[in-house]
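Residue numbers (the numbering used here), protein chains in the order written: chain E, 1267 to 1543; chain V, 1267 to 1543; chain W, 1267 to 1543; chain H, 1267 to 1543; chain F, 1267 to 1543; chain L, 1267 to 1543.
This list has only true hints and no planted wrong ones.
Repeated chains share a single entry, so a pair holds when one copy, or any two copies, can fit it.
Straight-line distance between alpha carbons at most 27 Å, and here's what the computed BS3-like set of lysine-lysine pairs gives:
| hint | residue 1 | residue 2 |
| --- | --- | --- |
| 1 | K1447 | K1391 |
| 2 | K1393 | K1518 |
| 3 | K1447 | K1518 |
| 4 | K1399 | K1518 |
| 5 | K1431 | K1518 |
Worth flagging that the hints you see were computed from the coordinates, not collected in a lab.
These are the residues of each chain, in order.
Number of protein chains: 6
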Amino acid sequence: MDTFLLNEQLRNFLREDLEHGDITTDAIFSDQESATVTLRAREALVAAGLECVAARVFQLLDDRITYSQPIADGQRVDRGHVLMTINGPVRSLLRGERVALNLIQRLCGIATLTRQYVDAVRGLKTKIVDTRKTTPGLRMLEKYAVRIGGGKNHRYSLSDGVLIKDNHIAACGSICRAVEKAQAAVPHTIAIEVETDTLEQVHECLDCGVQIIMLDNMDLNTMRQAVALINGRALVEASGGVSLSTVWGIAKTGVDIISVGALTHSAQACDIGLDWQ
Amino acid sequence: MDTFLLNEQLRNFLREDLEHGDITTDAIFSDQESATVTLRAREALVAAGLECVAARVFQLLDDRITYSQPIADGQRVDRGHVLMTINGPVRSLLRGERVALNLIQRLCGIATLTRQYVDAVRGLKTKIVDTRKTTPGLRMLEKYAVRIGGGKNHRYSLSDGVLIKDNHIAACGSICRAVEKAQAAVPHTIAIEVETDTLEQVHECLDCGVQIIMLDNMDLNTMRQAVALINGRALVEASGGVSLSTVWGIAKTGVDIISVGALTHSAQACDIGLDWQ
Amino acid sequence: MDTFLLNEQLRNFLREDLEHGDITTDAIFSDQESATVTLRAREALVAAGLECVAARVFQLLDDRITYSQPIADGQRVDRGHVLMTINGPVRSLLRGERVALNLIQRLCGIATLTRQYVDAVRGLKTKIVDTRKTTPGLRMLEKYAVRIGGGKNHRYSLSDGVLIKDNHIAACGSICRAVEKAQAAVPHTIAIEVETDTLEQVHECLDCGVQIIMLDNMDLNTMRQAVALINGRALVEASGGVSLSTVWGIAKTGVDIISVGALTHSAQACDIGLDWQ
Amino acid sequence: MDTFLLNEQLRNFLREDLEHGDITTDAIFSDQESATVTLRAREALVAAGLECVAARVFQLLDDRITYSQPIADGQRVDRGHVLMTINGPVRSLLRGERVALNLIQRLCGIATLTRQYVDAVRGLKTKIVDTRKTTPGLRMLEKYAVRIGGGKNHRYSLSDGVLIKDNHIAACGSICRAVEKAQAAVPHTIAIEVETDTLEQVHECLDCGVQIIMLDNMDLNTMRQAVALINGRALVEASGGVSLSTVWGIAKTGVDIISVGALTHSAQACDIGLDWQ
Amino acid sequence: MDTFLLNEQLRNFLREDLEHGDITTDAIFSDQESATVTLRAREALVAAGLECVAARVFQLLDDRITYSQPIADGQRVDRGHVLMTINGPVRSLLRGERVALNLIQRLCGIATLTRQYVDAVRGLKTKIVDTRKTTPGLRMLEKYAVRIGGGKNHRYSLSDGVLIKDNHIAACGSICRAVEKAQAAVPHTIAIEVETDTLEQVHECLDCGVQIIMLDNMDLNTMRQAVALINGRALVEASGGVSLSTVWGIAKTGVDIISVGALTHSAQACDIGLDWQ
Amino acid sequence: MDTFLLNEQLRNFLREDLEHGDITTDAIFSDQESATVTLRAREALVAAGLECVAARVFQLLDDRITYSQPIADGQRVDRGHVLMTINGPVRSLLRGERVALNLIQRLCGIATLTRQYVDAVRGLKTKIVDTRKTTPGLRMLEKYAVRIGGGKNHRYSLSDGVLIKDNHIAACGSICRAVEKAQAAVPHTIAIEVETDTLEQVHECLDCGVQIIMLDNMDLNTMRQAVALINGRALVEASGGVSLSTVWGIAKTGVDIISVGALTHSAQACDIGLDWQ
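Using the sequences provided together with the hints, build the complete structure.
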């Protein structure tokens, strides 16, 4: 993640929680008192965002904040494990506490869930990728957590990938006409992906050299036929209603990529505590 | 919610998903083609954010967008129900689709879960309230969804409520000293709330006229004793590890308020589809 | 004050005075010449904003700026007293001079006037509080100056306090109905305040458990009756047309709080000079 | 004033007062109720900012707001006069009320005071001008109020005027050397002004073709001598400690311009009421 | 172009030219006078940005502005041709004039130059594409002008395309190792492009399935060999020192794409006048 | 240039090129690898923006970046000369490279062209000045480059200079009436400039004490007559269609100032390379 861009986001989150200040803390603490806190996993999790998010939240508030012994992002830890120790002015620790926790609980949740999907297809060539079903305002962070969990990213936004869907096709009359229009308009550095519902559509994609074919909500049998039909002439992405219990079966059909909206839209926040020493 | 403030947030969310534009759509559609879409519940849910969020997202992109037959926020609908019909330029419908869905799926999720908690204590005087465990950047929207679900809001930020916790008390030497410092510093329009772990602390709160006493992670028996002890001299808030299965029992202890972090940090996004007509 | 939030405001003020640069100074000084200046009180005043505002203005322009011997905020100084000595590049001293002076002259003016009101009721229990009659864009700074002067703050904004006025009451049909609606809607951490013009209204407030009763523009006799009537069952705030000559009499009626718009809307800027050594 | 730029400022002021919303009003009024209010002068004043500021504040909140019978900016009205009638949703009237009043009370205060200075020199050629001693963040508005009051503006910022002061001169060794450096560096469209304390300095200014000579804190006799000496070869500006009681005497010395910091730093906010019909 | 995003950019450009207002125009015109102006080509050019940029600049200043008879973007016009007629308040026409002209002169310049390159390779399959050598802050507009001129866009930013260069390769030890690392990390929707200087590097690219091979600064003979070698297994992009006199020869080598930095970094602004009727 | 203001602009340029990050570089380099690069002139040029722009771009991305041996802005260097050496993390060097180059190539281009104009009139008193024909968003930087090249700046924006043109004059009925209105409205620190097409208009300007007379698109003979007529009573600015081949002749007519739009609107970007060591 670009720390350059990240700082700006984190400042906005702090502004939301601070509004015009922490009136409780300012009534009680001076600017001089300091303390040490530990972030601790209250359940098993895959760490995500410790240094680059949690530590930074505090340091944006106060450059006197230091931290030590951070668990590396991507590492799996057990319940009870200390994730990081942070030291500095009490005022700033209390101000940053909720924003830092809200963020890393979510990011660790996404990394942990992603890891489960990745582990579920381990041994197969299939890659687990995310979608644009991210929390508004948190896309950069959530897509980072997916990568930390071992997943890959699908396109970031509407501007860095082409995905031709039903209504695009309908408007053009055929897949090939839609692909042609897209190829004429978008940078050559961006591959063309088409969403298909039937084998006929897969056929049509192959006819016009589509680089990525999405099999949308197909049953396993149809997917297998599609993979055989495509036979390496395009990347194959399975999409739609993927769960931890179905992902292995889908991967076994031979698709290259499985995109999983649940990675971001359904990950549960991990339970992480901040303990005062 | 203040539409004045809301527009600014929604614009930022659109910028995140658009970056420099929707390259697929611009390759295929002109600015003149229009269409009608429906938002449809794919599971039973409590509606939240239909007009004020989803419709507005589209209208911020394009003032030619219109909508009709919106379900009122707060209304419970069954699976399959149409939530709203939206009409306008295809380009703008495709541009706004993901942001609108990501937002209302989340907001309906929160409203629906809140409604479950509220229903779970129906018949008792206890109020269900949220916490600051909201998604960074979405607090205004998520607290709105809690209200729509029938819950109430706890303080919005660190600046509009006083909550004296362990470390504040420790720094002052006693609850009463901390309360005194807070009363001297904060506006008289803001009630003082203190987090307590023991009945001794509850006693001390009563000695110094605390207006709201939070019973933090107490067992049901201790809560009952605390309620008896307080006996109407302060508002009583139960907090910590509340779930749908425990909330009735907690409410039965006689507490006035139960704050539930899960309303926002653990609500599952509802499944809502956008169908092209 | 939150330095985190303050920096942003001060940068905007500097942008206003700098536009595209200080053309006089850049024509004459290089980036290397440095100087020392003193801020000096040209009238007796209560210091406010010296380190946290004046010094910061210069340091935001140039991290080579240092300062020494600052008078502590809240300290009363006589005419001629040096408030602070600042050293650094001439270019940055000249750039920041007007913004720094404009701000602290205003803040010291508010602190000094507030101190006069506070002194005027010394010995009585009554607190002097401010209002929302602050300079647009300067509320955080001006409310800080009120606290430095020994006053307290009323609600900060429309979102962190409830004040039920004439038109709210009229719309509901009665005070109790308005209070009920407010209690149902706002966080339990925020006390309900009602503005009253008559003793009948005070009665009605007591009937529905209003926590703060504002006596608006009542004469001293009516205030005394209201205080007797309320008899500790609510906080009593006097408001309306308070001046240094009337504040003692109002306080003697026994009200808890006197809100004084003049603290911010009518404080005269103090005369403070910046002298080059 | 540029409405383009003004809207941005007014939105920031509204954000400051609204934070996350008007919790009292939202608890009591729906979005549908409407009302009419009048702005009324509670003292004699010169109107400033009625349509361009007050009306706009409300319209930025809600495009259903309308207004009628506005007094033209610059018109003098007596106590009790209705300044403008505003109609629209109660929610938006209550939200905008304080920001609108805080602004126009200040702007009318400046226009009214400026008019007094302008009237005090009526019949003479001398112009009354303002300074950069404006409220941080309000310069565009306050300089507008000065013009409305009949005054003229001095330079707006450090970037659109040259004012060579003591320390600039000291750094260069002589006035002429400083002027030369400024002329070489700044656009030819900007006149060079030099601050002088003595007749010797005035002489030196004339030697090097200074276009505007500021007589800083000179006594009346010295000013008269300076005016005679300059004899039309430069514009003459008197500055320093000008008050309503001294301004006529200063103007009679024959200076072209008198700059008065008090216009903005010491104007008292006018008393203007907002009455609900 | 996204009008949603464009408005924000245009407002910033207007702020730059307006600072605190147009002092000449405000001195002379009221808000009521209106006029008609025409934009006229003073040299032959390809139109770009007339409605979406020039007209919008004026309409952002004033919603009373209307326009008629705009030449469609992409149309070639001769010297003297009227490009568009604009009507509205004089104040707003004068305020927007320079920004509108500065922008469309540049955009028409880019479209016109691009058209020359496109025409120079007409009849061949080769596409002319732009680079990231755009004016900072104007990328969205300049890449639009390239498309209007008949060119295509290369990647928009560092985040929507992969271009592996010398130092990336050196850091990895080989092209294949660098490609592997990129494939593992970036979305599958983004094609991998590698910059090559020699035929050996081209070979290596083919070995690891690179999708786009850039021939950087190769002579025509080497390019021809590279094209033969690649033989359709990858897209071939020629880059480096392309001019109008060399582009035909390069295209004749059989490359698919020629990227031309000159389209944006060396296009001369077209001469367009704004005439008052 | 004000580094305070500059940083903000440079951050926006970096955001444009980075969007959500440099995906190629992040795939290949860690945050720890560092390198050294040199900026080298690939043609003879006048340096502009090396430390204040190029070095700063990198340092805004990463405070570990250092640089050495920068050529001073304004110095003329030959082809092949090293302009500056920059050292630091590879990730940040690659991220900043394009923005830094795009900027300094343009700034050096402007400084170099300006120097040519300045040299072309060397020996005469005439000054070369720029116009408002700058790239939108780059005015502060481009006007800096003009000064570095030895030119002077005309007014910066519509707010810091008065230029009365045809339509202003037409609206007032006469030059003198327009001048009078401007003098009455604008700060006395700003000189009045009038655009003239004929000697009659020059006469009229002299009658009403205009300080700067622009001779717009006059032939050399008329210019000479105008200079003779004005005879030192106003600054004389020649404007319109100035080129390197005509500038000497224009200067010889005796005008004080020649404004040259080409300095900014037609300067070619210099060729500057960034070489990895």
